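Asks: So the chains spell out like this:
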Amino acid sequence: MSQINYRTINIDQLDPESSANFPMETLLPATLPQPETSSDAANVATQVRQLLRGGDTEGALRHVLDTAPLGGDDRAKEVHLATVIEVLQGIRQAEMTRVLEGVCGADGGAERADCLMKYLYKGMSAPAPSSGAQSPRKTVSPQETGFSQVQARNVGEGGGGQQMSVLLNWHEKLVELTGTGSIVRVMTDRRTV
Amino acid sequence: MATPQVHHLFHAPIADHSFSSDKQTLAVARENNVELYQSSGNKFALSDELKGHEKTVTSVDIAPNSGRIVTCSQGYSCLQTVMPMSGRRPPLAGSPPLVLLRINRAATFVRWSPSEQKFAVGSGARVIAVCYFEEENDWWISKHLKKPIRSTITTLAWHPNSVLLAAGSTDSHARVFSSFIKGIDSRPEPSAWGERLPFNTICGEFLNDSAGWIQGVAFSPSGNALAFTGHDSSVTVVYPSAPEQPPRAMLNISTRLLPLNSLIWNGENEIIAAGHDCEPFRFHGDESGWQLAGSLEKQTGDGSGPREESALNMFRQMDLKGQTQVDTKLKSTHQNTVNTVRVYEEAGGQVRSFSTSGVDGRVVVWTV
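Chains A and B supply the protein sequences, listed in that same order.
Using UniProt numbering, you'd call the opening residue of the first sequence number 1 and step up by one each time.
Using UniProt numbering, you'd call the opening residue of the second sequence number 1 and step up by one each time.
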């Protein structure tokens, strides 16, 4: 018993009343779709690429948002995120508004708009795909302070910055269409993408 | 639509407000005190302060018939005070009776039941305290509704029968409970919510798809529908079918607005809600569907527009503030988030006017 350092025990885990033990699954609605695996997500990706090749960008975006793996595991969500970003990057800036109006204006469009907003935020939070040229830089502060401006800023650097500017363009267009309510729902909704 | 009546009381947030039934007295929760304002002419003047809470007052309610004021604060307790209905009154004699709620977290919200025999207090301790007066002991008793509540209660609303109680919580659920107390309540008529209703019966538990903390709940005038709004910028309307059955219809209106904080029903087919967008909005609908009908604010466009400025003034502004025009005034009547919406005048469930209060220290009376 003398080996236990009582100061390092996380007492929140032992307290059933603690907010750290809040059952997050109780926030998921009963209408959550069936769990999906990464192979399902990969199948969707193939279908979407076909639509993109056929020039049906609106159909591709609609399909990819309708098949979001809300109940899937992390791997499936990652694969699907990559697909969504591929679709978003495949649509020219001049076409964005037209495509968005088509996708979000129709029946069930509000859910698609909320879903797209979730992907935009997830895309912006994800680390940029390795652009190769990034050399490991020296951090300015000698120890990890938890807040460093040096990293995680992928502005104007290779592929990451480009992806960010695409997402920001979409964000601007989507907010014009659906207002701030959609952003708020990204924060509250536990059906993550 | 008449212009709203604006009472700018002070420059501090108003957590909650309540008018007496004759509209002569207005109680507002300001920091650790409750301030009572008396109407004089078309203004409200500060007449009294209720100092008894040691912590921030979170909610205040005046019972329309008895004139009793109940307040609650973050300091675990409730205060009650009796207010004479009219005329000049002496300063509050003695200390108001303190009601011990037996909670170990802040009390967040308090409302009298329509019968005025009971009041309910929501709290951060994951309980709702239903309080009633026991004649034998000459003491207010608090009974706890506890069961499936997983987080802080943020808002409460009474059913017209004074037995059913709706509660919104930060666990994103809106629930309907029975708060039936033997000897106080008469047996309620069976309704779609339930037939036999012993204390702590759960008559409904609702979660909408986008979750979000619930900030406002309200029963429709008939009591046969429930609306709630929350931090996901949506309003959800529930029509129950029968006890223990899934609801007949549950309609979610997700808006493009910032989140709404409080809502009231106007008849069975209209809801008025306000929140972080600083202005009240109207929703129309019935069981087949609801939609946002627009703002109640008269869109004047403020008239003034860009004024002619002297060149000297323009450059001075640019030098001082980095911009030529400083326009920090919102176009809406409220200049900050609206916290509370309450019915001001109604007849048979139809609201004629309602009042709002918010973070900007204003109480506004709107004509529908």
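These are calculated hints, taken from the structure and not from any lab test.
Just so we're clear, the structure is a prediction, and the values are computed from it rather than from any experiment.
Among these hints, one or two may not hold up.
Said to hold, decoys possible - Once the Cα atoms are required to be at most 35 Å apart in a straight line, the calculated DSBU-like pairs of lysine-lysine come out as:
hint	chain 1	residue 1	chain 2	residue 2
1	B	298	B	329
2	A	173	B	51
3	B	147	B	43
4	B	182	B	143
5	A	173	B	298
6	B	143	B	51
7	B	321	B	331
8	B	321	A	173
9	B	329	B	55
10	B	43	B	331
11	B	331	B	146
12	A	173	B	331
Asks: Need the status of pair residue 331 of chain B, residue 146 of chain B: alpha-carbon distance at most 35 Å?
Replies: Distance of about 43 Å is beyond 35 Å: violated.
Asks: Check whether the Cα positions of residue 298 of chain B and residue 329 of chain B lie no farther apart than 35 Å.
Replies: holds (16 Å)
Asks: Has the given pair, residue 43 of chain B with residue 331 of chain B, been kept, meaning a C-alpha gap of at most 35 Å?
Replies: holds (23 Å)
Asks: Residue 321 of chain B and residue 173 of chain A were given as a pair; does the straight-line alpha-carbon distance stay at or below 35 Å?
Replies: holds (30 Å)
Asks: Check whether the Cα positions of residue 321 of chain B and residue 331 of chain B lie no farther apart than 35 Å.
Replies: holds (21 Å)
Asks: Taking only the CA atoms, is the gap from residue 173 of chain A to residue 298 of chain B under or equal to 35 Å?
Replies: holds (28 Å)
Asks: Is the Cα-Cα distance between residue 329 of chain B and residue 55 of chain B 35 Å or less?
Replies: holds (32 Å)
Asks: Given the hint that residue 147 of chain B pairs with residue 43 of chain B, does the C-alpha gap stay at or below 35 Å?
Replies: Answer violated: residue 147 of chain B to residue 43 of chain B is near 45 Å, above 35 Å.
Asks: For residue 173 of chain A and residue 331 of chain B, compute the direct alpha-carbon distance and say whether it is at most 35 Å.
Replies: holds (25 Å)
Asks: Hinted pair, alpha-carbon criterion (35 Å max): residue 173 of chain A, residue 51 of chain B. Please report holds or violated.
Replies: With Cα atoms ~52 Å apart, residue 173 of chain A and residue 51 of chain B exceed 35 Å; violated.
Asks: What's the verdict on residue 182 of chain B and residue 143 of chain B, does the C-alpha distance respect the 35 Å limit or exceed it?
Replies: Holds - the C-alpha atoms of residue 143 of chain B and residue 182 of chain B are around 12 Å apart, at most 35 Å.
Asks: Checking one constraint from the list: CA of residue 143 of chain B to CA of residue 51 of chain B, max 35 Å. Satisfied?
Replies: Answer holds: residue 143 of chain B to residue 51 of chain B is near 26 Å, not above 35 Å.
The structure fails to meet hints 2, 3, 11 from the earlier list, while all remaining hints are met.
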